[in-house]
Amino acid sequence: MSDEIAIASLLMAILAIIYGTWYPEIMKAINLNVPDHDKMENYNIAKQTFRGKCLPLTVISILVVIIFLPTIIPIISHSVSVFMRDGISAYKGYNTVKMGILFVIIVSVMISIQMLQLSYALRKKCKALETEE
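Numbering-wise (our numbering), the sequence shown opens with residue 212 and increments by one.
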């Protein structure tokens, strides 16, 4: 279990570094104007940001969740069954390592959800900037 928390922490650190670095650029691309004329420059910026940053980050965040899904399902299942059996006294069986993995994966799920939303918004911006030339 300690190997899993080390790997989960490493993957989360990588995800957080990439997210922190690319988030401002993704937001800048989402907030680009849609001019009446000469859309090509903004379109190229939005398209490159979507393909080069937003989409890869979305895939990475989803993969982190998928990698640890087989680990967290039994943790959640066991926690629920112990709580149902023992009630509030189930806290005596608290396991920091299992909760650490669960926390890392929950944060990864939250990042994945946000990245899906940002991908949708940036794709929509690309569509708005597409020219009919």
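Treat each hint with caution, since some may be false.
Under the rule of at most 27 Å between Cα atoms (straight-line distance), these lysine-lysine pairs were calculated in the DSS-like manner [as the list claims (entries may be wrong)]:
hint : residue 1 : residue 2
1    : Lys-335   : Lys-239
2    : Lys-239   : Lys-250
3    : Lys-309   : Lys-258
The hints are simulated quantities; they were obtained by calculation from the structure and are not laboratory data.
No experiment lies behind these values; they were computed from the predicted model shown.
Next item on the list: Enumerate the violated hints, using their earlier numbering and listing them in ascending order.
Entry: 3
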